[in-house]
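First to last, the sequence lines map onto chains A and B. Quick note on the working numbering: the first sequence kicks off at 13 and runs consecutively. Quick note on the working numbering: the second sequence kicks off at 13 and runs consecutively.
Derived by calculation from the structure, the hints in this document are not laboratory data. As the structure is a prediction and not an experimental result, all values here were calculated from the model. Be aware that one or more of the hints could be misleading.
Intra- or inter-copy, both count: the list cannot distinguish identical chains.
[Stated by the list, open to error] Straight line, CA to CA, 30 Å or less: simulated DSSO-like cross-link-like pairs of lysine-lysine:
| hint | residue 1 | residue 2 |
| --- | --- | --- |
| 1 | 209 | 25 |
| 2 | 41 | 144 |
| 3 | 144 | 237 |
| 4 | 209 | 260 |
| 5 | 58 | 260 |
| 6 | 270 | 237 |
| 7 | 260 | 144 |
| 8 | 88 | 58 |
| 9 | 210 | 260 |
Each chain, letter by letter, is given below.
There are 2 protein chains.
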Amino acid sequence: MKSFMNKLKSAWKNNNSLVCVGLDPDADKLPACLSESAKPIFEFNKAIVDATHDLVCCYKPQAAYYAAADADDQLKMTIAYIQEEYPEIPVILDVKRGDIGSTAEMYAKEAFERYNADALTVNPYMGSDNLKPFLDYAERGVIILCRTSNPSSCELQELVCDGKTIYEHVATLTRDKWNYNHNAALVIGATFPSELKKIREMCPDIPFLVPGVGAQGGDVGKVVKNGTNAVGTGLIINSSRGIIYADKTEKFAQGARKAASELRDLINQFR
Amino acid sequence: MKSFMNKLKSAWKNNNSLVCVGLDPDADKLPACLSESAKPIFEFNKAIVDATHDLVCCYKPQAAYYAAADADDQLKMTIAYIQEEYPEIPVILDVKRGDIGSTAEMYAKEAFERYNADALTVNPYMGSDNLKPFLDYAERGVIILCRTSNPSSCELQELVCDGKTIYEHVATLTRDKWNYNHNAALVIGATFPSELKKIREMCPDIPFLVPGVGAQGGDVGKVVKNGTNAVGTGLIINSSRGIIYADKTEKFAQGARKAASELRDLINQFR
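If we strip away everything but chain A, and leave its shape as in the complex, we get (with noise of 0.2 Å):
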C-alpha cells in the first residue's frame, strides 16, 4: 500500500486537483430513489465516487454520520470500495480523535486496521503522548487539528500566549516535534484566511485540510492564494454539503460531478 503521502501528491497532480469530496451522508436527507436499498448510505457514495474519482485528490467520510445512523458496515464498505476501484486516491477518515496513549492506541486500530483509512484527523488539545500512537503508523497521514473553520474557533484557539496563538502554538509543535514520519498534516478552516497564510509562511511543507468552503462561507480565491504551497498544491479544500447534496433527485451523482468539477476549476483558476 502507498503511503497517504505519495497518494495524495500523485493524486494532486494525476487529477489536476485540490477538491476532496466529504462523505457526509445523513441518511434523512438520501435521494428518495435509494429508499429500497439496504445500503443506501454505501449505494449514496460508491455513485458519487464513481463519478467524481477523477475530479478529486481525496474523499472524507465524516464518521458521526455513520455512527448515528448505526452503518459502520457501510463505513467500512465505503472505504473499501474507495481503495478498490480507485487506489490512487487516499481516503481520510475524519473523526477528530484523542486520547491518552493506551487508548489513542486503540483509536489508531479502530482508523488505520479496522477501517484501513490512508489518514485521519485528530485533536491535539491532549499533546503529544496521545497523538503518537496515530502518527507512529508512518504510512498513514495524520491531520491536526489546528485553526478550525467554526464560528467558536476563536474561544480557546486565538487566545496569546507568549506572543503566539494556539493555533500557532499547534502548527509549530506539528512542524518541530509531531512531524517525525513526515506524515503530519493540519486543518485549517477556509473561513479564516490570513490563519492560513500565516501557517504556510511557518510551514511550507505540510499539506493543510481546509474544510468549509461552500456552505460554510469560505472565500476560494484567498484560500489557494494564501495557503497553497510553492509548488501550488499543499492543499485539500473539502466539500461536503455544496458537492453531495448539489441535486437531490435521482441525478444526484451527475449533480456532484458537475459540482466537483466546477469547485475544481474554481480553484485552479486560481492556482
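We have chain A; now place chain B onto it with these hints.
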C-alpha cells in the same frame, strides 16, 4: 429517565461511593474462561457490573476499545444491561468527541440516542458551537476535558494567556457559559492534584471526572482532599485497569469487587 446529575447524586449517596469503574476491556486481555463466548466483552462487563453495582457511582465504558474490536454491539448491550438492571447507576460514554455544530449533532445522536448513555466526554478545543449540540440534551451529562491526566497534557493546557492557563480558561468557560443547563462537568487528572484544588475553588458546584488513580499513579488522598466539594462529593474517581484486571483468572469478577471495594474504602478514609 432520571437526569444524569440526579442519578449521580443518588448513587454517590446510596452507595456511599465516589468510584467509577472504567469498562475498557481489551479484547486480547480477557480471561481465558470467556474465550468460548460469542459476546466475550459483554459477558466480561456484565460479570463486573453484577459484582460491583453497589460499590460505585458510575460506569464509564471507553468507546475506543469497542471501536477497535468491531464490538459496537457489545458496547450497546453493556449500556442497556446496566440501565435495565441497575437504573440508579449512570453510564458515561467516554468518547472525547468534538466537531463543528452539524457534525456534533450527529455525535450527540450517537451517544445519547444510539447508545442511550447518561453522559459523554467531549473535547473543548473547537469551542462553544461544538459543545452546544451536546449541552442541549439537558437531561444528559457533558463532561468536558479540562486538565487531562497524561504527561503531555502540559503542552497546550498549561500555556498561560491573560494570566490564566488554557485549562483555567476551559474551567471558566464551563462555569460561566457552557453550564446553562446545569449538566456540565470537567475532566481533571488525578496526576495533577494542585490543579484539582485550584479548579475546585473556581467551580465549587461542578462535578469532576478524575482519571489517573491506579495504573497512572495519581494519589487518592490528595485527590479527595483537593477535589471534593462542600458536602464531600463532587468527584467521579475512575479506575479501569486497576479494577477490571485485578484478577485475571475465572474469578475476575470477585477480584474486581475486591478492588472496587478497597478503592471505595480508601477514598472514604479521606472524605
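Hint by hint, here is what the structure shows:
Within a single copy, residue 209 and residue 25 get their C-alpha atoms as close as 23 Å, which meets the 30 Å cut-off; across copies the closest is 55 Å, which misses it. In this assembly of identical chains, residue 41 and residue 144 lie within 30 Å of each other by CA distance solely across copies; the values are 23 Å between and 37 Å within a copy. Taking identical chains as interchangeable, the C-alpha atoms of residue 144 and residue 237 are never at most 30 Å apart, the minima being 32 Å within one chain and 33 Å between chains. For the identical chains of this complex, residue 209 and residue 260 are neighbours neither inside a copy (36 Å) nor across copies (55 Å), given an alpha-carbon limit of 30 Å.
For the identical chains of this complex, residue 58 and residue 260 are intra-copy neighbours only, at 16 Å inside a copy versus 46 Å across copies, given an alpha-carbon limit of 30 Å. Proximity of residue 270 to residue 237 under the C-alpha cut-off of 30 Å is restricted to the intra-copy arrangement: shortest distance 24 Å within a copy versus 63 Å between copies. Taking the shortest Cα distances, residue 260 and residue 144 sit within 30 Å of each other only across copies (29 Å), while inside one copy they are farther apart (42 Å). For a Cα distance limit of 30 Å, the shortest separation of residue 88 from residue 58 qualifies both inside one copy, at 12 Å, and across copies, at 29 Å.
In this assembly of identical chains, the alpha carbons of residue 210 and residue 260 never lie at most 30 Å apart, being 38 Å within a copy and 53 Å across copies at closest.
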